[in-house]
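Residue numbers (my numbering), protein chains in the order written: chain A, 25 to 177; chain B, 2 to 289.
Quick caveat, the hints were computed from the structure, so don't treat them as lab data. Hints are supplied without guarantee of correctness; some may be wrong.
[What the hints assert, rightly or not] Taking lysine-lysine pairs in the BS3-like style, the calculated list, with each CA pair at most 30 Å apart, reads: (1) B/Lys75 to A/Lys137; (2) B/Lys166 to A/Lys44; (3) B/Lys267 to B/Lys236; (4) B/Lys166 to B/Lys4; (5) B/Lys230 to B/Lys99; (6) A/Lys34 to A/Lys63; (7) B/Lys166 to B/Lys267; (8) A/Lys56 to A/Lys162; (9) B/Lys282 to B/Lys236; (10) A/Lys63 to A/Lys44; (11) A/Lys162 to B/Lys99; (12) A/Lys26 to B/Lys75; (13) A/Lys137 to B/Lys53; (14) B/Lys283 to A/Lys147; (15) A/Lys63 to B/Lys236; (16) B/Lys75 to A/Lys34; (17) A/Lys147 to B/Lys99; (18) A/Lys26 to B/Lys4; (19) A/Lys147 to B/Lys272; (20) B/Lys230 to A/Lys34; (21) A/Lys168 to B/Lys99; (22) B/Lys53 to A/Lys44.
Take a look at the letters that make up each chain.
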Amino acid sequence: MKVEFVLNGKEVEFDVDPGKVLLDLLRESGHKSVKAGCKTGDCGACMVLVDGRAMTSCTLYAAQVDGQDVKTVEGLEDELADRLKESLLEAGAVQCGFCIPGVLISAYSLLSKVENPSRDEIKAALDGNLCRCTGYVKQIDAIKETAKSLGGS
Amino acid sequence: MLKNVQDYYYPGSLAEASELHDRESRSFFIAGGTALALSESSRPVELIDLGKLELDGLEVDEDRNRIEIGSTTKIQRIVNDNEIGSVLGGYLSESLEKIGSYPVRNAGTLGGSLVRPFPWSDVIPILSVLDTTVSYYHRDGEGRRDLASLYNSDFRSMLNRSIIKDISISLPESGETAAKFIKFSRSEFDVSALNLACRLTVERGVINEARLSIGARPMTGDRITDLEKELVGEKLTEDLAETAGVSAADLAELGGDDRLSEEYRKVLVKKMTAEALMDIKKEVANES
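Model the full assembly from the supplied sequences, consistent with the hints where possible.
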């Protein structure tokens, strides 16, 4: 079946198996920031933005995003994304890096809507992302720092 | 994921969706997809996407008497809505926020949670202590039912063939009504091992209406109507909360040993019931 959507700002069309999940479609089309982790929607490594909402691509059929706007980390190219990446590195929040694309998606989604989130709001936004290396304190620090550097207090 | 999906449809109308569903016994409606995503069944061969039928929406009426929620409205959208957050002491927002994780709530819908209820469903207890009705559509007929009767055996086959259109919640008039939802799970975003919702209307310290629903028993949520009757007319005190906890543990039909033992569930029911009543007492006292 044909599925059409906007992927990282470009209109795309794929011929997909009706049972294919978005995670597989994205990885097969070269979007390797989208990681295959638990495949049950628990770990958040496969997270993407769908119409601005952070969602796990392993629990979405590719056909479900027909007509919608999908963004992976490859498509996050603005100042917010750049600052987030820098802050995560500077805070030492990246060790193995497997969870980081998902964390970036969650953080980007949050900071796109909330200019100066509290630590509790950041924790809530990250509650779908599992990290088994550094833990979450440095990630939260990095997101807080990003907000500050962009004008939040 | 499902193992055998061969066709995927985007119907343009409810009638078309219903017709597609009736045509193939192994077809399933899909909205958020969170339930189907975790299934490894090989039975579904067709998926009928309800996402383009404009069944999403959220409205609190002007008089703040009623909330209307479209069936495909994402749960996180309800959590984020300021108006929803301002009615019934924020009960609905705070309760729904306890479901799953952020991405799960971004995908999951109320309609999906109701039409295919899991035993550990949080949505059913949360909504069943409110005056909730559910509208449904089938090409042979449509209507609206109380949530309490949605799973009656006489309606089960109709529900399986129907599309839920919206969920309507009548809000209580009195400022002395408060509700509380408590969830016990093994981790922050694991499914409930036990959950409990309670709503009380209290006038001058005396309960004049009570609803209490317990879910993940491990069976699907159900109201403890005998206890509700016992509570009406009683003064809401710490002693009553303790006594109600003991009664709830006696009256609730609990099972084991899925996720928790029956014995542990009993202890939790006692504690959670007392906690819910005391929280409501505090909230009502703050509002009056």
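These are the hints, each one checked on the structure:
With a CA separation close to 17 Å, the supplied pair B/Lys75 and A/Lys137 stays within the 30 Å bound. Between B/Lys166 and A/Lys44, the direct Cα distance comes to roughly 27 Å. Compliance with the 30 Å bound is thereby established for this hinted pair. Proximity of B/Lys267 to B/Lys236 is assessed by CA-CA distance (about 24 Å); at most 30 Å being required, the pair is judged to hold. Distance hint between B/Lys166 and B/Lys4 is fulfilled; the C-alpha atoms sit about 28 Å from each other, no more than 30 Å.
Restraint check: the Cα-Cα separation between B/Lys230 and B/Lys99 comes to about 28 Å, which is no more than 30 Å; the hinted pair holds. This hinted pair checks out: A/Lys34 and A/Lys63 have alpha carbons roughly 26 Å apart, not beyond 30 Å. Of the pairs offered as hints, the one joining B/Lys166 and B/Lys267 is violated, with about 37 Å between alpha carbons and a cut-off of 30 Å exceeded. This hinted pair checks out: A/Lys56 and A/Lys162 have alpha carbons roughly 24 Å apart, not beyond 30 Å.
The straight-line distance between the Cα atoms of B/Lys282 and B/Lys236 is roughly 10 Å, inside the 30 Å bound, and the hint therefore holds. The suggested pairing of A/Lys63 with A/Lys44 holds, with an alpha-carbon distance near 13 Å, which does not exceed 30 Å. Taking the CA atoms of A/Lys162 and B/Lys99, the gap is about 25 Å. The hint holds against a cut of 30 Å. Proposed proximity of A/Lys26 and B/Lys75 is supported: the alpha carbons are some 25 Å apart, at most 30 Å.
Straight-line distance between C-alpha atoms of A/Lys137 and B/Lys53 comes to about 25 Å, which keeps the hinted pair within the 30 Å bound. Of the supplied pair hints, the one linking B/Lys283 and A/Lys147 holds, its CA atoms being roughly 27 Å apart against a limit of 30 Å. In summary, the hint linking A/Lys63 to B/Lys236 is not supported, as the alpha carbons are separated by about 51 Å, beyond the 30 Å threshold. With a C-alpha separation of about 26 Å, the suggested pair B/Lys75 and A/Lys34 falls inside the 30 Å cut-off, and the hint holds.
Our distance criterion of 30 Å between C-alpha atoms is met by A/Lys147 and B/Lys99, whose separation comes to about 14 Å. For the suggested pair A/Lys26 and B/Lys4, the alpha carbons sit about 20 Å apart, so the restraint of at most 30 Å is met. In summary, the hint linking A/Lys147 to B/Lys272 is supported, as the alpha carbons are separated by about 28 Å, within the 30 Å threshold. A distance of roughly 60 Å separates the Cα atoms of B/Lys230 and A/Lys34; the hinted pair therefore is violated under the 30 Å criterion.
A C-alpha spacing of about 24 Å is found between A/Lys168 and B/Lys99, which places the hinted pair at or below 30 Å, so the restraint holds. This hinted pair checks out: B/Lys53 and A/Lys44 have alpha carbons roughly 19 Å apart, not beyond 30 Å.
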